[in-house]
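Here the protein sequences line up with chains A and B, keeping their order. The first sequence lines up with residues 1 to 793 when you count with my numbering. The second sequence lines up with residues 1 to 264 when you count with my numbering.
Hints are computed from structural coordinates only; laboratory data are not their basis. Possibly wrong hints are sitting among the right ones.
Straight-line Cα separation of at most 20 Å, EDC-like style, residue types lysine to aspartate or glutamate; simulated pairs [unchecked claim]:
1. B:Lys38 x A:Glu290
2. A:Lys188 x A:Asp312
3. A:Lys665 x A:Glu724
4. B:Lys38 x A:Glu683
5. B:Lys38 x A:Asp716
6. A:Lys665 x A:Glu451
7. B:Lys38 x A:Glu724
8. A:Lys665 x A:Asp441
9. A:Lys421 x A:Asp178
10. B:Lys38 x A:Asp287
11. B:Lys17 x B:Glu154
12. B:Lys193 x B:Glu168
13. B:Lys191 x B:Glu154
14. B:Lys17 x B:Glu155
15. A:Lys665 x A:Glu683
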Amino acid sequence: MSIRFGDPDRPNSYIGRTVPRPNAPRLAQGRGRYVDDLAPPRMVHVAFVRSPHAHARLGAVETAAARAVKGVLRVFTGAEIAAVCSPWVAVLAHLKGLKSPPQHALAVDRACWVGEPVAAVVAASRAAAEEGAALVDVAYEPLPAVTDMMSALDPETPVIHPDLGDNLAFRRLHHEGDVEAAFAGAHKVVAARFRTARHTGVTPEPRSILVDWNPAEGQLTAWHATQAPHMMQTVFAQHLAVPEARVRVICEDVGGSYGVKVHVYPDEMATAAIAKIMGRPVKFVADRLESFGSDIHARDHEISARLAVDADGRILAMDVDDWTAIGPYSVYPRTSAIEGNQVVNLCGGPYAFADYRAQTTVVFQNKTPTCQYRAVGHPIAVAITEGLVDMAAAELGMDPVEIRRRNFYADDAYPVTSPAKMRFEGLSHHASMDKLLTLMDLDALRADQAEARSRGVHRGLGFASFIELTNPSPFMYGIGGARISAQDGCTVRMDPDGSIVALSGVTEQGQGTEAMLSQVVAEGVGVRPEAVRVVTGDTQVTPYGGGTWASRGAGIGGEAALLSARALRGAILEVAAAMLQADAATLDIRDGVVVDAEGGAARLPLEELGRIVYFRGDTLPKGLPRELVQTRHFITSDYPFAFTNGVQASWLEVDVETGVVTLLKHWCVEDCGRVINPQLVDEQIRGGIVQGLGGALYEEIHYDADGQLLNGSMADYLVPMAAEMPDMVIGHVETPTRESMLGAKGAGEAGTAGAPAAVMNAINDALRPLGAQVTEMPFTPERILRALGALDD
Amino acid sequence: MYAFDYVKPASVADAVKALSAEDAQPISGGQTLIPTLKQRLGQPSALVDLTKIADLVGIEAGSDSVLVKGATTHAAVAAHEGVMQAIPGLAKLAAHIGDPQVRNRGTIGGSVANNDPAACYPAAVLGLGATVLTDRREIAADDYFQGMFTTALEEGEIVTGVRFPIPEKSAYAKFVQPASRFALTGVYAAKLKGGVRVAVTGASESGVFRWAEAEAALASNWSPEAVETLAAPAADGMIGDIHGAPDYRAHLVKVMTKRAVAAA
Ligand SMILES: Cc1cc2nc3c(=O)[nH]c(=O)nc-3n(C[C@H](O)[C@H](O)[C@H](O)COP(=O)(O)OP(=O)(O)OC[C@H]3O[C@@H](n4cnc5c(N)ncnc54)[C@H](O)[C@@H]3O)c2cc1C
Numbered sequence: 001m002s003i004r005f006g007d008p009d010r011p012n013s014y015i016g017r018t019v020p021r022p023n024a025p026r027l028a029q030g031r032g033r034y035v036d037d038l039a040p041p042r043m044v045h046v047a048f049v050r051s052p053h054a055h056a057r058l059g060a061v062e063t064a065a066a067r068a069v070k071g072v073l074r075v076f077t078g079a080e081i082a083a084v085c086s087p088w089v090a091v092l093a094h095l096k097g098l099k100s101p102p103q104h105a106l107a108v109d110r111a112c113w114v115g116e117p118v119a120a121v122v123a124a125s126r127a128a129a130e131e132g133a134a135l136v137d138v139a140y141e142p143l144p145a146v147t148d149m150m151s152a153l154d155p156e157t158p159v160i161h162p163d164l165g166d167n168l169a170f171r172r173l174h175h176e177g178d179v180e181a182a183f184a185g186a187h188k189v190v191a192a193r194f195r196t197a198r199h200t201g202v203t204p205e206p207r208s209i210l211v212d213w214n215p216a217e218g219q220l221t222a223w224h225a226t227q228a229p230h231m232m233q234t235v236f237a238q239h240l241a242v243p244e245a246r247v248r249v250i251c252e253d254v255g256g257s258y259g260v261k262v263h264v265y266p267d268e269m270a271t272a273a274i275a276k277i278m279g280r281p282v283k284f285v286a287d288r289l290e291s292f293g294s295d296i297h298a299r300d301h302e303i304s305a306r307l308a309v310d311a312d313g314r315i316l317a318m319d320v321d322d323w324t325a326i327g328p329y330s331v332y333p334r335t336s337a338i339e340g341n342q343v344v345n346l347c348g349g350p351y352a353f354a355d356y357r358a359q360t361t362v363v364f365q366n367k368t369p370t371c372q373y374r375a376v377g378h379p380i381a382v383a384i385t386e387g388l389v390d391m392a393a394a395e396l397g398m399d400p401v402e403i404r405r406r407n408f409y410a411d412d413a414y415p416v417t418s419p420a421k422m423r424f425e426g427l428s429h430h431a432s433m434d435k436l437l438t439l440m441d442l443d444a445l446r447a448d449q450a451e452a453r454s455r456g457v458h459r460g461l462g463f464a465s466f467i468e469l470t471n472p473s474p475f476m477y478g479i480g481g482a483r484i485s486a487q488d489g490c491t492v493r494m495d496p497d498g499s500i501v502a503l504s505g506v507t508e509q510g511q512g513t514e515a516m517l518s519q520v521v522a523e524g525v526g527v528r529p530e531a532v533r534v535v536t537g538d539t540q541v542t543p544y545g546g547g548t549w550a551s552r553g554a555g556i557g558g559e560a561a562l563l564s565a566r567a568l569r570g571a572i573l574e575v576a577a578a579m580l581q582a583d584a585a586t587l588d589i590r591d592g593v594v595v596d597a598e599g600g601a602a603r604l605p606l607e608e609l610g611r612i613v614y615f616r617g618d619t620l621p622k623g624l625p626r627e628l629v630q631t632r633h634f635i636t637s638d639y640p641f642a643f644t645n646g647v648q649a650s651w652l653e654v655d656v657e658t659g660v661v662t663l664l665k666h667w668c669v670e671d672c673g674r675v676i677n678p679q680l681v682d683e684q685i686r687g688g689i690v691q692g693l694g695g696a697l698y699e700e701i702h703y704d705a706d707g708q709l710l711n712g713s714m715a716d717y718l719v720p721m722a723a724e725m726p727d728m729v730i731g732h733v734e735t736p737t738r739e740s741m742l743g744a745k746g747a748g749e750a751g752t753a754g755a756p757a758a759v760m761n762a763i764n765d766a767l768r769p770l771g772a773q774v775t776e777m778p779f780t781p782e783r784i785l786r787a788l789g790a791l792d793d
Numbered sequence: 001m002y003a004f005d006y007v008k009p010a011s012v013a014d015a016v017k018a019l020s021a022e023d024a025q026p027i028s029g030g031q032t033l034i035p036t037l038k039q040r041l042g043q044p045s046a047l048v049d050l051t052k053i054a055d056l057v058g059i060e061a062g063s064d065s066v067l068v069k070g071a072t073t074h075a076a077v078a079a080h081e082g083v084m085q086a087i088p089g090l091a092k093l094a095a096h097i098g099d100p101q102v103r104n105r106g107t108i109g110g111s112v113a114n115n116d117p118a119a120c121y122p123a124a125v126l127g128l129g130a131t132v133l134t135d136r137r138e139i140a141a142d143d144y145f146q147g148m149f150t151t152a153l154e155e156g157e158i159v160t161g162v163r164f165p166i167p168e169k170s171a172y173a174k175f176v177q178p179a180s181r182f183a184l185t186g187v188y189a190a191k192l193k194g195g196v197r198v199a200v201t202g203a204s205e206s207g208v209f210r211w212a213e214a215e216a217a218l219a220s221n222w223s224p225e226a227v228e229t230l231a232a233p234a235a236d237g238m239i240g241d242i243h244g245a246p247d248y249r250a251h252l253v254k255v256m257t258k259r260a261v262a263a264a
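With the hints as extra help, turn the sequences into a complete structure.
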């Protein structure tokens with residue numbers, strides 16, 4: 001039996017509505033429970049000694065002064081931790097040729113970036129641990145640091161890991177059709193060099209972990225701010241030699257993650273190892289400086305790309321040469337080759353064209369490791385593609401909307417396979433562009449632009465169409481050999497009072513997963529969302545699942561919740577039918593009451609049904625199934641990924657005297673399939689846009705040539721702040737995926753994917769009459785003035 | 001943070017006495033000092049709190065000058081009717097220092113004593129030709145600022161207030177560093193009875209300075225156009241960091257000067 005999603009008057013119509021978030025009052029009233037709120041008896045704190053050198057051989061570690069500090073209990077070196085925690089190697093079989101050396105929890109022979117942990121001090125208080133850490137004396141022998149991306153493979157450049165032979169971590173070339181011939185015969189060719197800056201996720205709650213080892217049970221328990229508890233269960237088990245069944249990962253409230261908290265971090269592994277050695281709960285909470293130097297970075301890319309078009313503006317071919325520098329290690333277990341790989345997969349995504357060549361070159365550096373951060377690779381691919389499309393439009397004197405319309409796949413062309421070999425089930429580029437234009441009054445904006453220009457005020461409008469990869473199947477990680485689950489499960493049960501408990505494998509980091517699950521389960525069973533209690537983030541309690549990443553929570557976890565809720569509804573109705581001597585098919589559940597499907601007359605409240613099942617089971621027929629608990633798992637199988645699409649537009653003003661960009665307005669229309677909760681989706685889009693605007697205008701991690709991190713604080717690392725953010729108008733087109741009953745695709749990364757390109761195109765629209773163009777992010781005032789020639793060099 | 005004693009004197013004299021102890025240091029709003037201590041970059045034996053001394057808090061707006069006492073917060077200056085009327089540029093400057101938390105704790109004495117090269121008040125003090133008052137003397141602005149984080153203050157000397165002459169016109173134009181809201185380059189331009197003064201903060205490696213060429217040009221023609229015809233000051237000696245290269249800051253000096261004059 002299916003749900004009539006198109007009918008807003010259907011009973012229990014919670015899917016598609018904004019419902020209150022069950023965890024919001026708790027968080028707003030300060031009743032959240034983050035890792036740092038926990039303080040079990042006998043807990044100790046660990047602080048890390050971190051390398052001040054980008055590359056150095058480690059000599060003797062002098063710990064006596066640290067151990068003399070009041071409160072300090074023990075000091076650990078790399079070798080001591082390595083004795084209980086085996087190193088890891090982050091490669092995936094399907095990323096052919098990817099290499100990375102073994103990485104230890106604490107550096108053993110060499111430190112390879114500024115901030116790499118080299119020793120750990122455990123104390124009764126964090127203050128004592130930090131005081132001790134400051135007194136640990138490590139004999140460093142500095143080695144040459146590799147910090148420039150484009151010369152990393154030159155013969156004169158030192159090799160960071162001699163055993164690997166060179167500084168190349170991964171290279172992939174994808175070639176489809178005949179690119180050279182297409183360029184040779186093109187009407188126009190546009191080419192540019194793009195740069196996206198190394199930046200990081202800046203979670204409000206820093207990385208946090210508390211690990212206890214109970215020798216009596218042989219059990220390791222980790223309270224962990226993570227996106228993937230089951231993945232971490234495997235990682236702890238494998239590297240600390242504990243059976244997987246004896247590792248429990250609990251993830252209570254998490255204060256934002258954005259991809260930062262889905263990776264394995266050496267300091268967190270060391271914390272677990274120390275717990276196992278000391279047999280005590282050990283807590284580590286990164287401070288902000290540690291976060292800047294040890295949370296994953298991302299988006300450090302330099303790209304040369306070109307695009308060939310015919311006289312009608314049709315895209316003939318695209319050629320992309322992408323370089324990225326990842327730090328000294330590929331990050332475990334997802335690897336640091338995925339971002340470059342995504343650039344290859346996603347460039348040109350919205351457009352129908354035949355000849356495509358793209359290569360990514362992933363090199364090692366003595367800087368903080370990079371890995372997957374919100375919208376992995378998308379902002380880069382979209383900036384390259386949409387930047388070139390706008391340059392082509394300008395060359396042809398064509399309107400930027402028109403050139404896109406001429407090249408989009410037709411909305412009825414699906415399924416199609418892109419030249420990058422991505423398979424699209426159903427996208428809506430034309431409908432999304434139509435919707436965008438109804439939201440923004442293009443004529444008025446262009447008139448305003450012309451009028452402002454006559455006063456010497458330079459405004460610009462930029463568009464960016466995009467595709468986004470969501471709901472990944474095992475094609476993303478599983479086929480490469482990683483124990484990262486693409487399926488997810490949900491258990492839904494009814495308790496005696498008629499209330500519903502849902503246990504889900506996907507996790508909540510502040511984005512509203514619990515609200516989404518509560519309304520899906522409410523509709524699936526036939527109760528109010530308030531009647532559903534959602535439990536996530538405990539490997540000992542919830543069904544096995546992948547957690548939350550790659551915009552999969554609603555599409556995968558939501559579908560598992562819907563299927564289990566529908567199964568529970570069926571089980572309840574079977575019992576009700578027996579009690580009421582009716583045919584189950586004639587009954588329904590609405591607002592927590594069993595009713596006649598026809599007419600809706602109340603027959604039996606769920607709490608009465610619960611009373612009978614749990615306390616007077618003797619009155620029910622022998623052999624009647626009475627499992628008021630149902631579990632279902634879901635995995636996508638028809639497509640490797642559920643692609644979504646959308647289009648953004650940015651309207652802004654450039655102060656050509658100072659170079660400052662003022663964002664005036666931003667629009668986004670996206671198609672995430674079925675919208676389960678409009679408010680949550682809109683806020684995901686808005687939050688994503690803000691992070692994209694950060695990458696476009698503000699965020700950049702700076703290193704000097706020796707690999708010293710120059711901006712490790714919120715006073716020097718610029719993040720987008722409320723005062724600079726524009727009004728954002730969000731619209732939707734809904735093309736549900738047919739892979740699931742729910743039809744939901746992901747929505748968490750679309751905003752970030754398209755915003756930087758929209759801003760770049762808007763700045764260049766403003767600057768074009770002045771003969772200037774920028775392609776190097778972030779577009780700082782100084783870079784804009786240099787492009788304008790307003791500064792001397 | 002290392003341990004220290006906390007002293008809360010009731011008078012300037014007691015404060016001066018407390019500061020004679022070895023490694024004792026005044027604390028006012030703590031907006032600069034506390035972060036420094038948290039990073040263990042300082043180890044004072046005692047912190048002598050100036051904010052509880054009645055004589056150090058308050059504003060007196062007279063007919064030809066405004067006195068802001070040493071431990072008066074930026075928020076108090078920003079909201080003071082007398083300041084708003086007599087020297088609106090000064091009230092606006094105070095209203096845009098940092099964020100509300102910083103303005104509610106940070107004080108003029110702390111700012112002027114610290115003389116951060118990116119701080120706002122030094123531009124107003126120098127740009128208006130104000131006088132810095134201390135527990136033992138009065139120091140003219142031109143003699144007071146002696147380079148980044150360096151002033152004419154002696155060991156243990158307390159800034160008790162700053163006396164600003166009321167100008168005909170003045171304004172401050174600040175280009176903010178987007179994260180901290182400090183001045184990447186800020187210019188205080190003032191037309192006073194005695195002439196024109198233009199003081200620049202945030203830009204120079206020598207701290208706050210007067211831009212003589214602009215003063216000369218504006219003395220004969222107080223208008224943004226007069227600045228437009230000038231070359232930007234030399235990039236040599238300007239601060240270069242991740243937020244802006246020396247030539248960018250030099251460029252901003254000119255742009256912000258024009259804007260200050262236009263706003264005055
Ligand atoms: C996030 C942030 C943003 C900021 N933005 C700006 C900005 O935009 N513009 C700006 O100008 N400033 C800015 N500030 C600085 C702030 O305005 C304070 O004025 C400044 O930090 C010093 O004032 P305070 O009263 O806090 O001094 P404190 O931190 O208490 O002291 C600073 C130093 O001065 C000494 N001292 C304090 N009072 C006296 C006195 N009366 N006599 C002698 N010595 C004294 C102390 O011993 C210490 O060495 C910002 C600060 C922060 C934290």
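Taking the hints in turn, this is what the structure says about them:
1. B:Lys38 x A:Glu290: 15 Å, holds
2. A:Lys188 x A:Asp312: 10 Å, holds
3. A:Lys665 x A:Glu724: At roughly 11 Å apart (the allowed maximum being 20 Å), Glu724 of chain A and Lys665 of chain A satisfy the hint.
4. B:Lys38 x A:Glu683: 36 Å, violated
5. B:Lys38 x A:Asp716: 17 Å, holds
6. A:Lys665 x A:Glu451: 18 Å, holds
7. B:Lys38 x A:Glu724: 30 Å, violated
8. A:Lys665 x A:Asp441: 12 Å, holds
9. A:Lys421 x A:Asp178: Satisfied, since the Cα-Cα distance of roughly 15 Å is no more than 20 Å.
10. B:Lys38 x A:Asp287: 12 Å, holds
11. B:Lys17 x B:Glu154: At roughly 14 Å apart (the allowed maximum being 20 Å), Glu154 of chain B and Lys17 of chain B satisfy the hint.
12. B:Lys193 x B:Glu168: Roughly 7 Å between the alpha carbons, so the hint for Lys193 of chain B and Glu168 of chain B holds.
13. B:Lys191 x B:Glu154: This hinted pair is violated, its Cα atoms lying about 31 Å apart.
14. B:Lys17 x B:Glu155: 12 Å, holds
15. A:Lys665 x A:Glu683: 16 Å, holds
Violated hints, listed in ascending order, are 4, 7, 13; each of the other numbered hints is respected by the structure.
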